[in-house]
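Position chain F relative to chain U; hints supplied.
Protein sequence lines, in the order shown, are assigned to chains U and F.
The numbering of the first sequence is the working numbering, which starts it at -16 and goes up by one.
The numbering of the second sequence is the working numbering, which starts it at -16 and goes up by one.
No lab work stands behind these hints: they were computed from the structure.
You can trust all of the hints, since none of them are fake.
Since the list can't tell identical chains apart, any single copy or any two copies may satisfy a pair.
Below, computed lysine-lysine pairings styled on DSS-like, alpha-carbon distance capped at 30 Å:
#1 K212 / K190
#2 K(-13) / K113
#3 K294 / K69
#4 K276 / K113
#5 K(-13) / K6
#6 K276 / K99
Okay, here's what each chain looks like letter by letter:
Number of protein chains: 2
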Amino acid sequence: MDLKFKVLKETSYGARLGEFKTKWGNHKTPMFMPVGTQATVKTLSPEELRDAHSDIILANTYHLWLRPGEDIVDHAGGLHEFMNYKTGPILTDCGGFQVFSLAKPKDISEEGVKFKSHIDGTDLLLTPEKSIEIQNKLGSDIIMSFDECPPYPVTHDYMKDSVERTLRWAKRSMDANKKRDTQAQFGIVQGGEFEDLRKWSAIETAKLDFDGYSVGGVSVGESPETKLKMIEYATKYLPKDKIRYLMGVGEPIDLIDGVIRGIDIFDCVSPTRLARHGNALTLDGRMNIRNHKYMEDFTPIESDCDCYACKNFTKSYIRHLIVAEESFGQRLISIHNIRFLTRLMESIREHIESDDLKEFREEFYNRYYVKKSTK
Amino acid sequence: MDLKFKVLKETSYGARLGEFKTKWGNHKTPMFMPVGTQATVKTLSPEELRDAHSDIILANTYHLWLRPGEDIVDHAGGLHEFMNYKTGPILTDCGGFQVFSLAKPKDISEEGVKFKSHIDGTDLLLTPEKSIEIQNKLGSDIIMSFDECPPYPVTHDYMKDSVERTLRWAKRSMDANKKRDTQAQFGIVQGGEFEDLRKWSAIETAKLDFDGYSVGGVSVGESPETKLKMIEYATKYLPKDKIRYLMGVGEPIDLIDGVIRGIDIFDCVSPTRLARHGNALTLDGRMNIRNHKYMEDFTPIESDCDCYACKNFTKSYIRHLIVAEESFGQRLISIHNIRFLTRLMESIREHIESDDLKEFREEFYNRYYVKKSTK
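Same shape as in the complex, but just chain U:
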């Protein structure tokens, strides 16, 4: 399905303001996707996601394949109906990353990956065809081609073999998609930290003419400098008229740095995972709400934030909920953290418009990461 992606403005260094369309409406990029691993963004309702200005969510193919099973979601009428999420598009990943990270041991062959379920140890086989079949049944708006996610670091030889296989899997994934008229499909660029392999992966994947392109294998343990190179090596060779999606990246500065290098969409579990540990995102950096100094702090997490948590509850109360292990606390911080990231994306879009994104990056970096002493 053509997402009718348009680049509305591009800076000299390649940051893009854009928009694309789905049946749910027009969507502005750069954008951030909260993750609803098991068909629920942890602790949140669809209305809370909408109110936090989340315009799209991601759901995990691997988890939904295992539980409740793609047939049940299909019989429900697809993920939107199953979850009663009707305010924006859903993107599903291909299951590859989870198979390679959660399910061990694994056995990679040309056919696909054999592994054991992390829930009950059942022997399973995930192939490009199976991944696409599951995603077709899940009925998401954007599906991912099946790829190999090698560990970091691996040798150039290993990565070359892996990229070749992922290219063959991309072609098989494309051929397997029986719903290309209603489900857009993205290809995935791999290649680790090797420019030649990222370039080759980007150019060859783009030849398959996907509706968008993901950059995979980033944020896997590499240094910050390597991370930026991995992104540059991929975006440099991707077509300018298609969406570029950096998978699994959610650290605030990485979002800005990704946009500066031409990325349009990001996803990460971080806003909800941090919330479960009592960490709130603020312009002054991560706030650990468990800190004693918030015991009698009767102000919101961020006083100028328009989220439900900040408009209605104090740090003192949220701290109490987190310390007492009450899930309403995780819910409040999750709402705030998602809103923090959707506001950050709004700021990023404004600064592309006003063409001062790099200045904004320096200001944000200094306030969020450097001035720790004022917190």
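Then chain F, alone, in the frame of chain U:
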């Protein structure tokens, strides 16, 4: 504080339709209170409680004393401000029940009860004066006098001593209340299954002229017949013009049977506790949503229920959330279970009005408890 309780109608056997006033408005009885143990009704927001037609909540003095501490709640401006719960009154218990059930070992003297915190083992002493001081600081609308909650069963001799002590503690609790102009205060009737002791406890407690009376020591392991007698033995001797509150009782038939015996208010953790284990309340009895037969059941928990969960989500989805241990599932069933009980109280009030509560009791009992085969 006078709650201006009025009995609007009383049946021949003593079931009462009533109302009382607080600064939050007029409140209809019989009514059910969800429990917000740690200043949060587990998984729910204040708006969700309001939308489930919950008109009052209970918070636990023992838990809030230990965490976050009554001074923090006081400095926040009281529980309503701390929790941002602004749609109805809050009742706090006296801490006695938790001290006797959670915190062991304990040492009861005339002064009060010495025990160890269930959180960190700290040595603590709860007295009538301390309980009231904490509740004064919590700023609830209705506070409870401090009582002893003996185990079940105990001998008549033990219970007689205990009731005598609870009466002395009731007097001390009354004298200790520095905020009687803004916080109504209830006395507690004990006496176990012994009619003479329940009678004595009721009559002597009523002499202290509290704003309402609780019936304690019920649902502690006694038989159903004994439970009904315990209630009757107390309500029979309580003044007709004051609210009667049966503590810790939430089984649906017990609510109807309690009202038939003249009870006006109930509280119980059951709607949220059952939800955590995947149990939903329905007119056809408890539904264990984990059951395989709900895997592809794309209908709501109860099709004629007006709660958020039933209007928006299917059994299939909620089952998936509970099986996958996603807290949004607990939240949806909690909303439904609370709405089930507030609807039950609405039905009870209607059937007092139409004077056929006992017929309603039989119908409800047969459908909820007997016709198990149709589920």
